[in-house]
Amino acid sequence: DVKVTQSSRYLVKRTGEKVFLECVQDMDHENMFWYRQDPGLGLRLIYFSYDVKMKEKGDIPEGYSVSREKKERFSLILESASTNQTSMYLCASSTYETPGAYGYGYTFGSGTRLTVV
Amino acid sequence: ELKVEQNPLFLSMQEGKNYTIYCNYSTTSDRLYWYRQDPGKSLESLFVLLSNGAVKQEGRLMASLDTKARLSTLHITAAVHDLSATYFCAVDTDKLIFGTGTRLQVFP
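If you read the sequences in order, they're chains A and B.
So for the first sequence, my numbering puts the first residue at 1; every next one is plus one.
So for the second sequence, my numbering puts the first residue at 118; every next one is plus one.
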């Protein structure tokens, strides 16, 4: 099975801290994504990457940055955490493989619930 | 900007009843996903719809896609309590753009 692993299930950080959320996928997928999920707002795209060392801003990139030095790892960075970044963060990966082929589609990690105090 | 509108936002329904969740989107796409999410859990893929007129069924759930109308539906037949969850549609434009979700509650 395709697996997307997020390093932490729960995190509590202080305002102003630099926070790293790590995501690793084991299916050699080209594409990786970071979303945040808030009640009533659904999932919103923060950043995404279609290749190593490549990154694109999503709909809500402010206050975040990302790093993709290796194909399997995509890190989300909160340079200076703030309380309005308290949220559930979900990582996903996908491939350009033929629709219907094994591994096609998007696979999500189990999520990291971040609380900034 | 691509918008994905899902309605209703909240649905409380009695066991045994039928209902439909609607997903409208504002750009051309022929790829749409439906996900289920249980409280505190990640997303579970339900359906992948890859062309106009696509229809897929699994148990009491059936999803369809009309790319010309930019509309997808998730139909629930004879609801049971185990279907209680939040359901999301997501449009694929080489990245997923999600609707706001429909929280479904099925009661006896």
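Hints listed in this document are in silico derivations from the structure and should not be mistaken for laboratory results.
There could be a bad hint or two in this list.
To be verified - In the BS3-like style, the derived pairs of lysine-lysine whose C-alpha atoms are separated by at most 30 angstroms in a straight line are:
1. B:158 <-> A:13
2. B:158 <-> A:18
3. A:3 <-> A:70
4. A:57 <-> B:185
5. A:18 <-> B:212
Here is what the structure says about each hint:
1. With a C-alpha separation of about 21 angstroms, the suggested pairing of residue 158 (chain B) with residue 13 (chain A) holds against the 30 angstroms cut-off.
2. Restraint check for residue 158 (chain B) and residue 18 (chain A): the C-alpha separation of about 26 angstroms stays at or below 30 angstroms, so the hint holds.
3. This hinted pair checks out: residue 3 (chain A) and residue 70 (chain A) have alpha carbons roughly 16 angstroms apart, not beyond 30 angstroms.
4. Between the alpha carbons of residue 57 (chain A) and residue 185 (chain B) the distance comes to roughly 29 angstroms, so the proposed pair stays at or under 30 angstroms and holds.
5. Between residue 18 (chain A) and residue 212 (chain B) the CA atoms are separated by roughly 27 angstroms; this keeps the pair inside 30 angstroms, and the hint holds.
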